[in-house]
Every structure is written in C-alpha cells, then in structure tokens.
Amino acid sequence: MPRVLRSASLLGLGVLGIGLLSGCVANSPAATHTALTVDSSATDCAVSANEAPTGSIRFSVTNSGDQVTEFYLLAADGLRIVGEAENIGPGLTRDLVVELAEGSYFTACKPGMTGDGVGKAEFTATKTDAAATVDVDLVTQIDTSNTNYASYVSDQIDQLVTGTDAFAAAYSAGDDDTARSLYASTRVHWERVETIAESFGDLDPKLDLREADLEEGQNWTGWHAIEKDLWPQDAEAGFVAYTAEKRAALTEQLVADTATLHEKVQGLTFTLSQQTNGAIGLLDEVATGKVTGEEEAWSHTDLWDFQANVDGAKVLYDGVRPILLKTDADLAAALDTEFGSLQTLLDAQRVDEGFRLYTDLTPAEIRALADQVNALGEPLNQLTVALVL
Amino acid sequence: MTGWTGSKRAESSEAGSTKPAGTARGLSRRGLLGLAGASVAGIGLGAAGDRVALAASASPGEASASAVYPFYGSHQAGIVTPAQDRLHFAAFDVSAGVTRAELIELLQDWTVAAAAMCAGADIGEYGAVSGPYDAPPEDTGEAQGLPTAGLTITFGFGPTLFETADGVDRFGIIARRPANLTPLPHFPGDDLDAGRSDGDLCIQACSNDPQVAVHAIRNLSRIAFGRAALRWSQLGFGRTSSTSTAQATPRNLFGFKDGTANIKAEEPAVVTDQVWVSADVGPAWLTGGSYLVARRIRMTIETWDRTILREQEAVFGRTKGAGAPLSGGTEFSEPDFTLAGRENEPLIGAAAHVRLAHPTQNHGMKLLRRGYNFVDGNDDLGRLEAGLFFISFQRSPAQFTAVQLNLAKHDALNEYIRHVGSALFAVPAGASPGSYVGAALFA
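In the order they appear, the protein sequences are chains A and B.
For the first sequence, counting from 1, position 90 maps to 90 in UniProt numbering; every step adds exactly one.
For the second sequence, counting from 1, position 23 maps to 23 in UniProt numbering; every step adds exactly one.
Okay, chain A solo, but in the shape it has when bound (with noise of 0.2 Å):
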C-alpha cells in the first residue's frame, strides 16, 4: 500500500537531520527538560527565559499572529540552524525539543514566513556538570552514511532494472518455471528500498498494486497482476489465464515503469533523519503486510519481501551506527540485538536460495516472527531522537 505521507517527507526537506550538523548532542541522559514558551506575535517572538542550563530544552512555540510562522534556533553566528519549528498556524502551539551544548544561540520567529524574522533575541545554555561535548567527527560521519544511502539505493534499482529485464523476457515468451523462479529474487531489490519507491506515487500503483487495493474498473498493473496468472492456484473460480497480448502489454509496462523509476532515483540525496525514518518504513512494511501474508497473496514468497526489508532497514541502520555508538551506544546494543534476533527467525525458515513459503508456516512461527518485528521497532522508533535531536 502506498506510504503516502512518510513517502514525502522522506523525500522533502528533512528539516529534522540538520540538528547534528550545527552543534547539539543527542541523549543525554538528563531524565528532565526545562520547559519555556515562546509567543510569536506578528511583531515579536518573546521567549519565557533568555537562557537555560545545557541538556534537553523543550520550547513550546504558540503562533498569537494571523500568518503562518516559524520558530528558529540558531547558533552563535547567528545564522546556522540548530533547530526550528516550522509550519505552525494561527493559534496553534508546537514544541520544539533541543539538545543543547554549552554556548551563545539566538531564537527568532518569522511570521509569515519570509524576510528576516522578528524579535531575535540572544540565549545562553548554560553549563552544568552533566554537559555534554561535540564530537566534530559526527559531521564527517554523517555526510558518509547520507552519500552511502545514496549510492545503495542507485544500487538495488540498477539490479532491480536488470532483474525485471529478465523477468518480463521469460513470462512474455510464456517460460513460466523460469518467470516464477525469477519473481521473488528480482522483487528483492525492490523490497529493500521499497519506501523510496514507494515515495515516488504514479509510479508505485502501476509497479506494485494489490488486487484488493484496486478500484473497481481500474486497470491493474504491475508485480502482483502477474503474480496471479503465474499462481493461479488460489484464484477465484473462473479466472481465465491471460492472453499473449496482454502478458506482452503487461511486460511493457511493468519495464517502462520501472526505467522510469530508475531515472528518478538518480541523484537522489538524503539527510540523517530521512534514512532513520526510512528505517522504520521499511519496517512497518514488515509489520502491516509482509508477517500477515497479504503481500504475495498467490506467490506467498512473503518471506522473500520480508527479508529484503529486514535487509533494507539494516542497511540504514548500518550506515547510521558509528555516529549511534558516540550518542547512545546502550541503543545501539539494543538495536543489535534484536536485528540478530529477527535474521536468526528468518534463518530458520531458509530453503536452498529462499524461503519457505508463507503458507507452510506454522501459527507458532508467524506469531514469533511478529512478536520479533515489534521488539525491533520499538528501540528503531528511537534511532531519530537519538541521532538527530
């Protein structure tokens, strides 16, 4: 099912990865927060306190004007971001949660959103005995991890492009052991950044809609459409294989779509925050369509897309991990564990090259399956605060 939302965020500004790059540290492990408001009013941006000792501060920003405004915190030059709140409406409040180190800040609001900002004002975090340091080694880090993402997403597509060739050559020609030896391993690479194709919206309907997610008279298209004709063996009495026309017509689309796919990955860049919530996705898929079966309904090779997730979510977690171990290594512990803990389930089920299929799982094997998915997500859900914040 398409991630509509998160599939754009992930994709826009990423306005949460820059904390890191511009001066704050993750996780302290101060179990409290000061507290302070902020008013932005069409003139000003009064803020309850000037300064605040080091650690996490919590700025709860009420927009008082009529136009739309932004809150900033920004760093001693006065010019580079710490962090901000944007997109708050008339009358509504949002907080802003900061890590902050020692030193000279600046807030400032900018009601409607453009110009300069008004009631810019100096705030001080004061030192404490729990303060924490800057490693400036983290911003190195992270432009490594942002650019290697990068770099395995064009990756998976390139092999995704290749696969799907192969694919669409066997079943057009009516080889159809060969097509279905080929189904699961190509859509592999798709799984595995499947939130970045996802994001992409025409194009995933087209590349990987579920008959039960079709309108009614709507054309269907894409993976699954000939994941039916190839394992007809639960499909509804009187379904009729297709023709030779329309595996053809259906090959060309589903190679068209994803050429087009390749040429929107290029070039793609992403922030800290995106790969973290990339992370998730990625899990979620997991948890809402793969553990249940509903992905592969006729192939059940759910496993096959399972694992390609796990692998994605992994890779993510992977590149982000250095800069884990400097914020919060007890995190990182956690999250090792139970990624090991989901690949040995998943090990379990291996069959030559695969899997075995969703529906000689036993109940007992799902359920655990499930339950390892859930205490993986919880400690991922963390991977953002922790790194960004």
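Quick caveat, the hints were computed from the structure, so don't treat them as lab data.
Quick caveat, the model's predicted, so the values are computed rather than measured.
Treat each hint with caution, since some may be false.
Partial selection, computed: residues in chain A whose CB lies under 10 Å from chain B [what the hints assert, rightly or not]:
#1 Asn-63
#2 Ala-287
#3 Thr-292
#4 Arg-367
#5 Gly-377
Quick reminder that beta carbons are idealized off the backbone N, C-alpha and C, glycines included.
Starting from the known structure of chain A, arrange chain B on it as the hints suggest.
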C-alpha cells in the same frame, strides 16, 4: 393469550408484584412461548410511567444514566440522539422457511420488547424474576437495577431481506426495494470478511451502560430464535463522534479527535437535507427513515504508535492535542485548505484525512457519523484486535460511497487502517404506539 407488555424492573416496582406495568395487551412471542398471532398494542402508558419513575430516581448530574429516549416517534431513536458511550450492534439473517407473516410477527415482537427496554422495563409479562417458578424467566435479568442509561434500539433492513443472493424474494417485498439499497461497491483496500458483513436485519443498541446495551441485543436475539439468527455482532466501548453540540468531541484509538465536523442534532436543516429520506426521494415506506452504513475498520495501532508525531498530525491534518486544523485556530475552526507553509505546500496536506473527508471535497455531502471504538481481544500475531466500528446515517448510500471512494483512494490514514467488515441497511421511520417498526414496508 399471554400478554407481552413491559413489566417494571423489580427495583422500581412494588416488592413481590407480579403485575405488568402496562394495561394494554401485548404481542405474542412465538419464539419463547410458542404462541402465534397477536393484536398489535402499544405499551405507551406503562413505559411512560416507568420513565418518570426512573428519571425521578436519578440524582441530578447523572444525566447519562438517567436519560430515557422514547422508542416510539416519527424517526427511530439512536440516529440524531446524542451519541451514547456504548454500543452493541447485531446483524441477523432471517431463518430458512420463515414466512412474510412470521417476519412481520418478529418485527412486532421486537418492537414491543424494544419499547419496553427503552422505557426501563423488563420484557415479557412477568419480567426477569416474577414469573412462574417452573418456567425460565422471560427477561434475562442482567439489566435489573440498572437505569436505561439512554438506551436506544434502532432497526434496519438489509438488501438481502428484499432479494437473496440467489434472487429469491422471500417476503414479497422486492418491488419495494429502494433502487440504491444494493451492496456497497468494492473500495480500494477493502479486505472484507463475509462473516462480519451484510445481513438481512440489523439492530443497533446504544446506551451509556454497556450491560444495558448487551441486555437489549441478548433479549432481542432470544426473541428471534427460530425466526432470525445472529450473523455477526460488534461491541463498541467508546463513541467516536458527537451528534450534539452539547457533547465534547471524543477520541478514536489513534488518539485523535475525529468527527469534529459531524452533523449535529442542533442543525435540523442539515439533518433533514442529509440524513432523512424525504417523500420526494422515496420510496414512500422509507420516508422519514435513513440508510445505515456499518464498516468494521481495523487499525494497525502498533504501527501507528511507532509513528512520529509529525506524521500522525499530518495524516489527520489536525493537531493531536486540541484537535485544531493544522491551518490554525481551535478545534471548531474551519480548516483552511489553501493556507500554505514551507515550499508553498498547504499546511493541511493533499492526503490528509480532514481534507479528504470534508464536505467541500465531496460535493457538499455530509454523513451523520455515529461510530465506536472497539478492542476485541487480540489477533494471532499478538496485536490488539482494535479499531473503529464506523456507523453513518445518510439520506442515500451514494453519500457514503462518494466520500469513501475519495478516502480509499487518497487518504494517508489508509496506511494504518483496513476495512474488514461492511454492511448497508435501510432504516425505516420510527413506529407509533400500537404499530411496529417497518410497518409501512408491509402495508
């Protein structure tokens, strides 16, 4: 003949009394007593007496417990009635071999029993504990000592009552079937369970006390044994809509206020325009009635709970705390779908639920929503079997279909929900004392 009037609950009648409160003769209850055929008679007097007694006994400030809504009226109760906190909804299939006369008799028996329960009375002549010692009690008894807590009982007729899937007109009413009383279309993403969908008849029982609502369905099911059998049923524990401006907007299991822009009873023109079937729309027997859509919407709340607040608010287009639209203001501010933020993107996104469900995006069509939260234990994967039991009333099923098609195709919420049950019923107008629900259909 055994009269089948309402009898006062023990706590509100004289100790040891075995006399029914009503004076008029009631209806037979073939299913329990083996009697058939009856004159139609109301229990209005007895019910009214009980209502007064109950209302008087409730202490001030216990409005939700002491509320009593008349069963009889021009419209059925349970539609514009301020939404109660609890639901027991049941769909029935008429049993094989039941005749038209027997179906009518069932509706008559249901009517009398429902009127009694809504008035705070036990069902039957002798009620729960005052009957013959060697007979099972007529009333199952678990509502003894409980006020009606605003009980309403609302009946509806499904498409299959008029024509079975095999095209059989069992009750001679196919010619009266409304043209738009046909099964809802398949919507994208539907994953419907036939065992939780459709039905010949439905009963919606709502109360502020869950046991009172369950008591109603339990006794009506018992009355129907041999004539109609439960097909599926659903408990709901928290209303998710307000149907009166006097009610605060409740929250769904996503933690959001939903249904802020619902049709409210205080908007009679909107109710008339959007909810009730008018004489010029017809059919004549359904005038003053409505159409009920029920959708069992499963929420994957475990995934939702792992979702960042930014996305949660973007999905709904409202703030999670106050429920204000992201375009600003307070809960009841009209959303501004054009107000833009960063990158000139609207603050309320194109796929936001509040945008897609809004009347301005649906040719002005509104639904009177009356849904309930549910948690039916957990599933095989250890996930809460949780969601929203969506109920809406509208003048035409087309209103729901248009809105739902828009949502099913575009709503960001689809990532976290799945429609697993679906049903449509025509809800006839209210009955008058002495008559029965749906009498016009069989006239």
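A quick look at each hint next to the structure:
1. Asn-63: Asn-63/A check passes; min Cβ-Cβ to chain B is 7 Å, inside 10 Å.
2. Ala-287: 5 Å, holds
3. Thr-292: 7 Å, holds
4. Arg-367: 6 Å, holds
5. Gly-377: Gly-377/A check passes; min Cβ-Cβ to chain B is 5 Å, inside 10 Å.
The structure meets every hint from the earlier list without exception.
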